[in-house]
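J.: Same order as they appear, the protein sequences are chains A and B. Read in the numbering used here, the first sequence has 72 at position 72, and its numbers run on one by one without any break. Read in the numbering used here, the second sequence has 34 at position 34, and its numbers run on one by one without any break.
FYI, nobody ran anything at the bench for these hints, they're computed from the structure. Please read all numbers here as calculations on a predicted model, not as lab measurements. You may find that some hints are simply not true.
Stated by the list, open to error - Quick list of the computed label-pair ranges, beta carbon to beta carbon:
{"id": "1", "chain 1": "A", "residue 1": "Gly127", "chain 2": "B", "residue 2": "Ala151", "range": "48 to 54 Å"}
{"id": "2", "chain 1": "B", "residue 1": "Pro59", "chain 2": "A", "residue 2": "Ala162", "range": "51 to 57 Å"}
{"id": "3", "chain 1": "A", "residue 1": "Ala125", "chain 2": "B", "residue 2": "Gln187", "range": "52 to 58 Å"}
{"id": "4", "chain 1": "B", "residue 1": "Arg111", "chain 2": "A", "residue 2": "Gly102", "range": "44 to 50 Å"}
{"id": "5", "chain 1": "B", "residue 1": "Asp190", "chain 2": "A", "residue 2": "Ala125", "range": "39 to 45 Å"}
{"id": "6", "chain 1": "A", "residue 1": "Gly89", "chain 2": "B", "residue 2": "Val140", "range": "33 to 39 Å"}
{"id": "7", "chain 1": "A", "residue 1": "Thr138", "chain 2": "B", "residue 2": "His12", "range": "25 to 31 Å"}
{"id": "8", "chain 1": "A", "residue 1": "Asn26", "chain 2": "B", "residue 2": "Asp159", "range": "40 to 46 Å"}
{"id": "9", "chain 1": "A", "residue 1": "Gly73", "chain 2": "B", "residue 2": "Pro59", "range": "51 to 57 Å"}
{"id": "10", "chain 1": "B", "residue 1": "Ala151", "chain 2": "A", "residue 2": "Thr138", "range": "38 to 44 Å"}
{"id": "11", "chain 1": "B", "residue 1": "Ser169", "chain 2": "A", "residue 2": "Ala125", "range": "37 to 43 Å"}
{"id": "12", "chain 1": "A", "residue 1": "Ser149", "chain 2": "B", "residue 2": "Ala102", "range": "14 to 20 Å"}
{"id": "13", "chain 1": "B", "residue 1": "Ala2", "chain 2": "A", "residue 2": "Ser149", "range": "26 to 32 Å"}
{"id": "14", "chain 1": "A", "residue 1": "Thr101", "chain 2": "B", "residue 2": "Thr14", "range": "19 to 25 Å"}
To be verified - If you want the footprint, here are the derived chain A segments under chain B, 3+ residues with CB under 8 Å:
{"id": "15", "stretch": "16–24"}
{"id": "16", "stretch": "80–92"}
{"id": "17", "stretch": "116–122"}
{"id": "18", "stretch": "157–169"}
Said to hold, decoys possible - Covered stretches of chain B (in silico footprint by chain A; criterion: 3 or more residues with CB under 8 Å from a CB of chain A, positions within the stretch not fixed):
{"id": "19", "stretch": "18–29"}
{"id": "20", "stretch": "36–44"}
{"id": "21", "stretch": "93–105"}
{"id": "22", "stretch": "192–198"}
All C-beta atoms, glycine included, are put in the ideal place defined by N, C-alpha and C.
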Amino acid sequence: MALPATDSFNGTFNDTLTTYSANWSNVVGTIRITISPGIRPDNASNFSGYRWNADTFADKHYAKGVATDVSPGVNASAGVGPAIRCQSGASSFYYCVTFGTGPLAFNGECITGTGTDWDSGQTIAAGDTIEIGVDPTTATTILFKRNGSLTATYTSKSALSAGSAGVCGFDSDGGVQMTSWEGGDVAGGGGGAASKGVASMTLVGVQ
Amino acid sequence: MAVRLYFLPVEHLTAPAYEIPKYVPHRHRAATAGLEGLAWAWVTYLLEDVGLLAADVTPAQHTILNGQSDVIAVPVNLDTTLSAGAVTVAQTQLETWRIPNAWVSTALTYREVLRTIYAMWRVHNRYVGRTEGRLFGGTVTLDTTLGELPAAARQRLADAASDFGVDTSAATGATTLRQALKAFADQVADQTFQVGTVEV
């Protein structure tokens with residue numbers, strides 16, 4: 001397939017992502033198809049992640065999706081979102097996961113299943129396109145965008161390299177959903193982090 | 001309000017599996033009284049016990065954080081040199097956090113010290129990412145030699161350093177992790193990094 005890769009998750013309700021499509025490989029936990037269509041997390045009190053396996057991504061890649069629902073129905077900590085640098089054969093990736101109170105998006109690193117948020121969260125709203133991507137010039141700088149606008153820059157994120165674009169979730173809940181996923185390489189990746197330019201970015205890691 | 005840097009402990013939650021900064025608000029744990037709603041950003045010594053946190057604090061919030069015995073507040077002016085007392089505190093704490101410490105002196109500015117520490121974290125964190133586990137797990141300490149590490153771990157550490165252009169050829173089997181991390185860091189310690197809005 002050619003990048004950018006896209007997926008609207010229009011599948012059978014409650015299927016896991018790997019059952020839904022062979023283009024996805026499990027990294028950790030479980031993510032399921034919703035009715036809307038979309039995806040939701042299903043791994044109680046822990047991270048879930050899947051990587052897109054149908055394409056090879058450059059080290060500098062991005063992933064984004066529309067956070068259609070951000071308010072958990074049962075488990076307040078549940079969220080879902082895009083992920084990058086999803087490793088093959090290892091439960092590690094950089095995540096961008098929604099959180100209902102705020103609502104916020106938390107960006108951070110999941111290393112062997114253990115999460116570390118990089119800050120106290122970025123403001124979002126239901127229906128936003130949330131994006132996490134690698135900076136076009138510095139492979140250890142990670143960018144977060146809300147509806148295409150740069151909102152946070154995280155430098156010196158050195159734990160992971162390479163990997164694939166993907167999706168992630170935290171905890172288990174049917175009330176949070178993401179759809180319209182896209183993953184691609186930053187250079188010419190179809191509207192990803194690179195194409196928006198970074199020359200005039202504002203560094204706003206702390207809100 | 002002033003944006004300040006703090007070294008502070010990492011709390012290792014197990015359910016969920018999460019690394020969170022002590023005292024400040026986090027979605028998985030309430031903040032210490034008086035720090036509710038505080039916005040922050042941080043970098044960590046991945047899967048170890050310390051992080052460097054930036055927060056835009058009020059004087060009252062700074063007093064709370066600075067009053068914790070396991071928190072080190074970094075002066076706002078990073079270009080001042082460390083006092084003798086600060087060197088003692090830094091060396092003691094760095095050793096506790098499994099960070100080589102003997103190199104800290106009154107000749108260095110806080111910025112230089114922070115850059116060297118973070119340069120060590122950078123290589124260490126890539127190792128952790130490559131390995132899917134801690135460098136200092138089990139019996140491994142700062143005084144463990146490279147020759148005492150399993151061959152695969154030794155190779156991953158060399159690969160992690162090489163990822164940042166570090167020349168590891170001077171390291172031998174007798175080199176301790178204390179020496180190796182500092183030697184690797186010295187080669188990239190001129191690089192800036194950012195914590196929140198603070199450029200170091």
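J.: Does each hint fit the structure? Answer for all of them.
T.: Checked hints:
Evaluation of the 48 to 54 Å hint for Gly127(A) and Ala151(B) yields a pass: the beta carbon distance comes to about 52 Å. Hint check: Pro59(B) to Ala162(A), Cβ distance near 45 Å, so the stated range 51 to 57 Å is violated. Here the CB-CB span from Ala125(A) to Gln187(B) is close to 45 Å, at odds with the stated 52 to 58 Å. Range check, Arg111(B) to Gly102(A): Cβ separation about 34 Å, and the 44 to 50 Å hint is violated.
A C-beta distance of roughly 41 Å is found between Asp190(B) and Ala125(A), which places it inside the suggested range of 39 to 45 Å. Checked against the hint of 33 to 39 Å, the C-beta distance between Gly89(A) and Val140(B) comes to roughly 23 Å, which is inconsistent with it. For Thr138(A) and His12(B), the hinted distance range of 25 to 31 Å is satisfied, since their beta carbons lie about 29 Å from each other. Range check, Asn26(A) to Asp159(B): about 26 Å between beta-carbon atoms, so the 40 to 46 Å window is missed.
Between Gly73(A) and Pro59(B) the beta carbon distance is about 41 Å. The supplied range of 51 to 57 Å is therefore violated. About 32 Å separates the C-beta atoms of Ala151(B) and Thr138(A), a value inconsistent with the hinted range of 38 to 44 Å. Remark: the range hint 37 to 43 Å for Ser169(B) to Ala125(A) is contradicted by a beta-carbon distance near 53 Å. Checking the proposed 14 to 20 Å range against Ser149(A) and Ala102(B) shows it is violated: the Cβ atoms sit about 46 Å from each other.
Checking the proposed 26 to 32 Å range against Ala2(B) and Ser149(A) shows it holds: the Cβ atoms sit about 27 Å from each other. At roughly 22 Å, the beta-carbon separation of Thr101(A) and Thr14(B) lies within the given 19 to 25 Å, and the hint holds. Only residues whose C-beta sits within less than 8 Å of a C-beta in chain B count toward coverage, and the stretch 16–24 of chain A has 0 of them, not enough to reach three; the restraint is violated. Beta-carbon proximity to chain B at under 8 Å applies to 3 residues in the stretch 80–92 of chain A; the threshold of 3 is reached and the given coverage holds.
Under a criterion of three residues with beta carbons nearer than 8 Å to beta carbons of chain B, the stated coverage of the stretch 116–122 of chain A is upheld, 6 such residues being counted. Look at the stretch 157–169 of chain A against chain B: 4 of its residues bring a Cβ nearer than 8 Å to a Cβ of that chain, three or more, so the hint holds. Check on the stretch 18–29 of chain B: 8 of its residues sit with their Cβ under 8 Å from a Cβ of chain A, so the three-residue criterion for coverage holds. Look at the stretch 36–44 of chain B against chain A: 7 of its residues bring a Cβ nearer than 8 Å to a Cβ of that chain, three or more, so the hint holds.
Three residues within the 8 Å Cβ limit are the bar, and the stretch 93–105 of chain B against chain A gives 0, so the coverage statement is violated. Given as covered by chain A, the stretch 192–198 of chain B passes the check, having 5 residues with a CB less than 8 Å from a CB of that chain where 3 are the minimum.
Comparing the model with each earlier hint shows violations of hints 2, 3, 4, 6, 8, 9, 10, 11, 12, 15 and 21; every other hint is respected.
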